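Here are the chains, one letter per residue:
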Amino acid sequence: QKEVEQDPGPLSVPEGAIVSLNCTYSNSAFQYFMWYRQYSRKGPELLMYTYSSGNKEDGRFTAQVDKSSKYISLFIRDSQPSDSATYLCSGGGATNKLIFGTGTLLAVQP
Amino acid sequence: DAGVTQSPTHLIKTRGQQVTLRCSPKSGHDTVSWYQQALGQGPQFIFQYYEEEERQRGNFPDRFSGHQFPNYSSELNVNALLLGDSALYLCASSLGGKAKNIQYFGAGTRLSVL
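Protein chains in written order, with the numbering used here: chain L, 1 to 110; chain E, 1 to 114.
Same shape as in the complex, but just chain L (with noise of 0.2 angstroms):
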């Protein structure tokens, strides 16, 4: 079992609609998780992160984490086609290493 999996998609939605991206994760070390934008042949850049559990708010996103059932999401409002890249989930703990999924593409259709 992966320590952090992720449906690779890819995901198409109409633009404006409400994106949900979600991850799974099996290490119970992990206390940081992690949300990046990768546009295609660019180095990942990073969305948002939050400690432990609990949600956080950045302008159209939010990331949730429950540690009670190993769940990440990412929730992207009023999608634009800029929006479109793949998305990485990740988690670390102690040991600072990240652990990625495998990522997902998403594409929004004008």
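Please keep in mind that the hints were generated in silico from the structure rather than gathered at the bench. Heads up, some of the hints might be wrong.
[To be verified] Ranges of calculated distance between the beta carbons of each label pair, as one might list FRET restraints:
1) Gly59(L) to Glu51(E): 35 to 41 angstroms
2) Ala17(L) to Leu83(E): 40 to 46 angstroms
3) Ala17(L) to Gln17(E): 33 to 39 angstroms
4) Lys42(L) to Leu82(E): 22 to 28 angstroms
5) Arg55(E) to Gly9(L): 32 to 38 angstroms
6) Gly97(E) to Asn22(L): 25 to 31 angstroms
Keep in mind the model is a prediction, meaning the values are calculated, not measured. Every residue gets a Cβ at the ideal spot worked out from N, C-alpha and C, and that includes glycine.
Following the hints, put chain E in place on chain L, whose structure we already have.
Frame of chain L, contents of chain E only:
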């Protein structure tokens, strides 16, 4: 504020050769981590450097080695290249302490091994 910079952007090597990739961390960051990202996969942790020492290592062979300099910049060296080493190599930097997990990535070096 310069972000994480990596050089070169692209490299083409042949099997058996050696390669050195370079990374300058984000201003104020002292910790550098290296990742390998194969096509269609998430990044995989290679190792992390802090205070010029390797602190953590992922499941990569000894052909992969690194170095961190006093100015916090870092190099990744790969010896005896294999076809399977073709990938995007990513450098990430972070602050020390608990913030080590909050890592910022560079654009990567795309290595092709022929």
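Status of each hint after checking the structure:
A beta carbon spacing of about 36 angstroms between Gly59(L) and Glu51(E) agrees with the range 35 to 41 angstroms that was offered as a hint. At about 41 angstroms, the CB distance of Ala17(L) to Leu83(E) agrees with the hint of 40 to 46 angstroms. At roughly 48 angstroms, the beta carbons of Ala17(L) and Gln17(E) sit outside the given window of 33 to 39 angstroms. At roughly 25 angstroms, the beta-carbon separation of Lys42(L) and Leu82(E) lies within the given 22 to 28 angstroms, and the hint holds.
Checked against the hint of 32 to 38 angstroms, the C-beta distance between Arg55(E) and Gly9(L) comes to roughly 34 angstroms, which is consistent with it. At about 30 angstroms, the beta-carbon gap between Gly97(E) and Asn22(L) stays in the expected band of 25 to 31 angstroms.
Comparing the model with each numbered hint stated earlier shows that hint 3 is the single one that does not hold.
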